[in-house]
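Peer 1: Take a look at the letters that make up each chain.
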Amino acid sequence: MSDAPVDYHEMWASLGLDLPMHDALLEAVGGMYGATFMSQSNRPEGMGYLDFVMSEVHGLRIKELDDFRKNGGKVVGTYCLYVPEEFIRAAGAWSVGICAGAEWAYDQVEQVLPRNTCALIKSMMGFKLGKVCPYLEEADLLIGETTCDGKKKAYEELGKLQNLYVMELPQMKRAKDVAFWRSELVDLIAKLEELTGKKITVESLRASIKEVNDKRRALQRIAAARAADPAPISGLDSLLAVQVAFYDDVPRFTQSMNALADELEKRVADGVGVAPKGAPRILITGTPMALPNWKLHEIVEKAGGIVVGEEMCTGSRYYEKLVDEDATTLDEMLDDIAAKYLDINCACFTPNTGRIDDVIRMAKDLNADGVIDYALSFCGTYQIESAGVAKAVQAADMPVLRIETDYSAEDVGQLSTRVEAFLEMVK
Amino acid sequence: MAGMRVLGLDIGSRSVDAVWLCDGEIMDAAVADSGFDPASVAAAFVARGAHDAIVATGYGRHVARDSFGASVVTEIKAYAIGASRLFPNARAVLDIGGQDTKAISLSAAGKVADFEMNDKCAAGTGKFLEVMAKALGFSLEELGSASMAADSGVQISSMCTVFAESEVTGLVHRGEDRGRIARGLHESISRRTLGALKRVGAAGPLVFAGGVARNPAMVALVRAGYAGDVLVPVEAQLVGAYGAALSRVAAELP
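Going line by line, the protein sequences match chains V and D. My numbering numbers the first residue of the first sequence as 649 and each following residue consecutively. My numbering numbers the first residue of the second sequence as 1163 and each following residue consecutively.
Isolated chain D, as found in the complex:
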């Protein structure tokens, strides 16, 4: 269908991501903080009027459906489609976002075979790292570099973000090296995510997407622990919005 423009929206609790496709190719992309009203942030992207169809994914997808008649897909399907298009040989997807984590295994055809979502609490997500960075007096970038510079990590026993923060503060007061604490925190997360990947039977090339994939310390640890190639897309955060838009394009094809 010549000139078919699709807007893919990933409406999350931390960010709203938008990707505009024309005939399946990326024309534009944008990311904005969700703030307290993700729906209005999404509405601003819709208001650009540069689309013929809208597909929404993420936690705010149903509101998008009700507000602007978007069709909806879950983040699971959106990430599977987006990751497979970026890396046709992908057989697994890991998304660590602001507040949740998804582990997805794909069939040879790039379809979802199994999935697990860890969305009952913020342990092991971007939120966890933000809180810990603050507790250590680092920016998020510094947190990652400090972790990578340490040759070993301090074992962190709490997984709960709130209790781990207290534990970290205690370790700092005890004179523990902040880089080693940072590494220990990253190791906690990578242990959990590698466990989730095992449970969904992930094997073969793994696409690591979502906001936390931009953290080189996290990528290094997942690479070290996963038996397969770990591929990080350049725009790791946009995979959901991209996949959502692509799901509509795929539906149009004969």
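In isolation and in its complexed conformation, chain V is listed as follows:
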């Protein structure tokens, strides 16, 4: 059954997008998606849902947001895993992670940010300055956070262009920092309630906690299936699932991911995989990979490796831990949410030894043959942690490759050589 493709240009125009540039972006991403994802062999059928989502990435989902807002709903855009989706949903709004995974409008970006800024932050600004992101234009409120220096200062610029609320993240996780973090969440709740005009109640928050946990549980099942040899799903497809988790409709996404997980578990039982048995199994750890940044996964998997896990915010940190579901009062729920979110092991915190433990544990649980530590150029926090991660991985008798790169295609040849040499080494 094939309907005539819907033309969304009127909707995009009403959002103030730069139509020709936006068309160019969609064409580029569509081309990348075809070359990167659709060329893979033996993909699980359940990936059809994500292929569809990506084919409508600026179409149907934007229409959903548009209709929601026309009926009084509010959309909140976020840039970081530390922003609790539970509060956003409990206040009756929808949470949408904003993409920052491609170079765009650098000429404009470099007028407000230094050229030597991390690619993720430059992308964040580029998608706004270039007027090519309908999600940004549908966001009634953006939430920023004081994670790294780059983001902290970039939000000052972004905040001039759009309604932006910045949360302060502590830099440590001592008792007094937890208390401070909790107070920031109290302020966030007030801000959200003001935005939607709806108070967060025990019922609405309990429901949101369960919904978001259910989403995490579905992703946990997918992650667990990848421990099998042969792995039933590629790293590229798994990464995409988590990237989409940030912005898709929650119940529908959860249901689709559970269906995918059912299929993967059957594949594992039948010994069906996407890469030949014995393909080098790689765990990637490091900075988050925002949509549509698929660069490193593609290099590894086109070189014959298979990525079996991601220790990053667009990976295990998204779904590994759940919010407690036993609380009965708002105060308790607030405590639980504050605790679970602060437990994310991002390099913007000090110390961050928990991340090293996670990397070693995941490498063992996933039967990884090697670890790739990935840091974006100009990312001070992750680059500095890289040496410690590498040392710990080597001490655990596993080979490690350290990669520093950005979003450009310039170094794909050199990276491929390094990754191929690493895969030769670990076999």
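In case anyone wonders, no lab produced these hints; they're calculated from the structure. Idealized CB from N, CA, C, for every residue including glycine. It cannot be assumed that every hint is accurate.
[Claimed, not checked] A partial selection of chain V residues facing chain D, derived with a Cβ cut-off under 8 Å:
#, residue
1, Val1060
2, Gln1062
3, Thr1065
4, Ala1069
[Said to hold, decoys possible] Here are the simulated distance ranges between beta carbons:
#, chain 1, residue 1, chain 2, residue 2, range
5, V, Ser1025, D, Val1334, 30 to 38 Å
6, V, Asn764, D, Thr1331, 22 to 30 Å
7, V, Glu973, D, Asp1228, 50 to 58 Å
8, V, Thr998, D, Ala1192, 31 to 39 Å
Given the coordinates of chain V, assemble chain D onto it according to the supplied hints.
Peer 2: Showing chain D alone in chain V's frame:
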């Protein structure tokens, strides 16, 4: 497998090197400038038809795979295999080529333990020396001899080939001795490469291969700075092609 002939190709941006093995022994070798179309230079070697299998390494290896069905290995593995076969006691490999540098540490079994590639710019590579030789009015050989004849070097502050060239021209105009400048340039490179070797944990006998290993001034400086024997193969440039071919031979063995 009696009579198994393997052609190893190292397809680089500056030269295409070829080694023909029969039953693991070298039958022939050839080197040609890459020109603007390394693939066709490689194709000419393939066209000799003196092989049963082809293995390609270097920056042009994937094109070789697509054009003549060569199997591929990275230069890292190729150099490790080639160097270990030439020097069974080798525990590290240094390759300074036309446009990149590799530092590799080997396990006792001659396998790659760790590696580092400095391929983001031409600083410290053969290209750097070519440009500097020209700036000093030397041939490459004269550049090496002049460096060795100097008892100390002028400190060169720029690592970038383009900026270092300007710096060198400035020094010449100031009346600085060209031999001392040449030595300073070689010392810049040896500092960087010794740093890379440290980072990959290189220890024990080091095989110094690649085009720049034919520069005696470079070899002398690496020898002086490295705590271990520095071994330079007679055909330093062919180690990659040799190792690539050997990788196939090793795969055939039971």
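Peer 1: Hint by hint, where does the structure go against what was stated? Just the numbers, ascending.
Peer 2: Checked against the structure, the hints that fail are numbers 1 and 8, while the rest are satisfied.
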